[in-house]
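There are 2 protein chains.
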Amino acid sequence: MKFVANKDDLLNGIRIVERATVVKGLQPVLANVLIETVGENQIKLTATDFDLSITTIINATIETEGKYTLPAKKLGEILARLNDELIKFELKDSTITITGKKSKFDIIGISANEFPQVEENISEADCMEIETQPFTKAIRQVVSAAAGYETNNLLSGIVCQVNKNILEMAATDGNRLARVREVVKNTSTDSENPFEMLISSKVLAELSKISTLTESDIIKICKEQKKIVITIDKTKIITRLMQGQFPKYNQLIPQTFPKEAVLDKNSLISALERVAVMVNEKNSIVKFEFADNTLKLSGYSPDAGNSEDELDAKYTNEPLAIAFNYKFILEFLKIVEADEIKIQLNSPLSATVFAPCSDEDYIYLVMPVQLRN
Amino acid sequence: MKFVANKDDLLNGIRIVERATVVKGLQPVLANVLIETVGENQIKLTATDFDLSITTIINATIETEGKYTLPAKKLGEILARLNDELIKFELKDSTITITGKKSKFDIIGISANEFPQVEENISEADCMEIETQPFTKAIRQVVSAAAGYETNNLLSGIVCQVNKNILEMAATDGNRLARVREVVKNTSTDSENPFEMLISSKVLAELSKISTLTESDIIKICKEQKKIVITIDKTKIITRLMQGQFPKYNQLIPQTFPKEAVLDKNSLISALERVAVMVNEKNSIVKFEFADNTLKLSGYSPDAGNSEDELDAKYTNEPLAIAFNYKFILEFLKIVEADEIKIQLNSPLSATVFAPCSDEDYIYLVMPVQLRN
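Respectively, the protein sequence lines represent chains D and S.
The opening residue of the first sequence carries number -1 in my numbering; numbering runs sequentially from there.
The opening residue of the second sequence carries number -1 in my numbering; numbering runs sequentially from there.
Hints are not guaranteed to be accurate.
Copies of the same chain look alike in the list, so a pair counts if it works inside one copy or between any two.
Pairs of lysine-lysine residues, derived as DSS-like cross-links and limited to a Cα-Cα distance of at most 25 Å, are as follows [claimed, not checked]: (1) Lys332 <-> Lys280; (2) Lys257 <-> Lys183; (3) Lys71 <-> Lys0; (4) Lys90 <-> Lys325; (5) Lys5 <-> Lys90; (6) Lys102 <-> Lys280; (7) Lys183 <-> Lys86; (8) Lys312 <-> Lys102; (9) Lys340 <-> Lys280; (10) Lys325 <-> Lys162; (11) Lys224 <-> Lys65; (12) Lys102 <-> Lys294.
Worth flagging that the hints you see were computed from the coordinates, not collected in a lab.
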């Protein structure tokens, strides 16, 4: 194998695929990226952790065909430090020699035969195209509500539906639920059958980051019964479709609320962060007391003491005291793009909805915590 | 105890003294800062780890005298998050209540009786005053060459001498030696007796950081036989003088060198960082080969491969190959303020001097490593 490629393209490619490498696994080859020539003008980079595989294509001038694997981390470090525009790769025995103008590296790799087969082909029978920007924005808005990633936990997935020109995404870990709806153009689903899928939140979070490294306005998603391939520009993300029945989350969202408070988002963030200095680190509980156009927040830490803060709120209903894990609330507040947010309340033990005042289509439902006193 | 103080002053004071707290020690009170009223208009903050003590004075309006200790970290977190200009402190039972306009914290503390006695008074018989800027610059230039801090290791100290208007500072860990000389004004040592001291590099590094939080151009240093008190603005740093005979380092520095190379500093940093991707992590050896106006750097890692880089150098002596722990060289290069540096060489096993071309008074001597092949 021998080729010349642009350094920035190569580095960008490594940054994209290395998200699927396994750094300290049992199989050293999974820490590597597979580099293979494709025809006369391209090379393909591939990384996989079996669950998630990523491939990307880079332009190159191929002199001799071939394929080989190199440690992704070392290769990224080297490329990041090179000032040259063009880099030559040449395989000899078990090392690839990387040469710039005045720099030269011999990197020990592993044979491509040891690299797992990654099957990126998929039937084009069930595909859709969607705009990158609203799709990745929706991911960012719901991803924090998903449960921590575990292979067999459906709640670690994000459910995603495209019906005509409406995208709906949702995630829940049982304590909170985020749901977003966006109007999208350019979806190619037919109007009869909505496109539905349940994918690992980890994979979608990676997609959201990868999209910032690519230049495509459109994401193409194709699915078979167990497999999904997401194509963005020259990058393909291959993963399995999660199987099972996701909770019917729309039924969990109350339609009406007897009480509502409107608050300045940044004031609420500051006050929450102050009060949170003194909370029980085991449960992160902050008490919210709404009354007469004010919100009083308070925290209590058995070892350190307690805290209290008051801020203005538009609230004219009867007083209500309710408690939450403040981390859930802060995660929402730090993602939501709005100056004012509304909190829709019912009773101290009822599901409470946090939402931007400016956007009807994004809601963040949080279950309160029971207060002892 | 009851007082009102400016929030920024308090936070700055905590930032200064918390450097002497012991966060996870056997004595919980050492994680705390002692707060005590001084007369009608001041409070004093004190922290100590026994080896190093720091006190600082802050203006305040005292309503009731008293003293108490509070956890430095929690107190700093709270103050950093408050937007108020003035803060009220009030001691009741075992808690101090801190109140801003709309915020209130009850912090559980520990009685001042449990806090160790810090004796900041010292005889004024042996003192000097020195400008802050050249003194702290000299600390930064030598501190990385000191050995890691251990109570009984003289080489973890920095030796400091002021003779008339010349400040000389040096540190060595046995593998390298940094020495700096600066012309200073305003020293108040008498011309007969130079002022000499050996202080822990850790304490001087803290002093250098604390100086950025104070507004004084002058540092006053007083010493007794075993103790030293450094005063900068309203802050006092109290520590012990290290006892023993520091190596006669000036004798270790060769007076003449048969070979010399001149290099662009930033090019050398980039090339070293590239080559260092492939070094044996146990010894960090990079080989330097000087010949005919070039410097070739090379690294070798038994597992990962090897690296090579070439850069322009002004070098017209006969070729020389020599190897160093590249981390020592990078530490010097990242501190030194110069566009060009010179490397003064003798043989592959002789002490080598790195110095800025622009400054005769700062040298960084490094012992080479023996090359196997």
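Against the structure, the hints:
For the identical chains of this complex, Lys332 and Lys280 are intra-copy neighbours only, at 22 Å inside a copy versus 43 Å across copies, given an alpha-carbon limit of 25 Å. With identical chains, the CA atoms of Lys257 and Lys183 are never at most 25 Å apart, being 36 Å at best within one copy and 70 Å at best between copies. Taking the shortest Cα distances, Lys71 and Lys0 sit within 25 Å of each other inside one copy (21 Å), while across copies they are farther apart (57 Å). Within a single copy, Lys90 and Lys325 get their C-alpha atoms no closer than 53 Å, and across copies no closer than 31 Å, so neither meets the 25 Å cut-off.
For a Cα distance limit of 25 Å, the shortest separation of Lys5 from Lys90 inside one copy, 21 Å, qualifies, whereas the shortest one across copies, 65 Å, does not. When the C-alpha separation of Lys102 and Lys280 is checked against a cutoff of 25 Å, the pair qualifies only between copies, where the shortest distance is 22 Å, while the shortest distance within a copy is 52 Å. Taking the closest pair of Cα atoms, Lys183 and Lys86 never come within 25 Å of each other, the shortest separation being 42 Å inside a single copy and 57 Å across copies. In the homo-oligomer, the alpha carbons of Lys312 and Lys102 lie at most 25 Å apart only across protomers (22 Å), although the nearest pairing inside one protomer, at 65 Å, exceeds that limit.
Taking the shortest Cα distances, Lys340 and Lys280 never come within 25 Å of each other, neither inside one copy (28 Å) nor across copies (57 Å). For the identical chains of this complex, Lys325 and Lys162 are neighbours neither inside a copy (35 Å) nor across copies (60 Å), given an alpha-carbon limit of 25 Å. Proximity of Lys224 and Lys65 under a CA criterion of 25 Å is satisfied in neither setting, with 29 Å inside one chain copy and 68 Å between copies. In this assembly of identical chains, the alpha carbons of Lys102 and Lys294 lie at most 25 Å apart only when taken from different copies (11 Å versus 63 Å within one copy).
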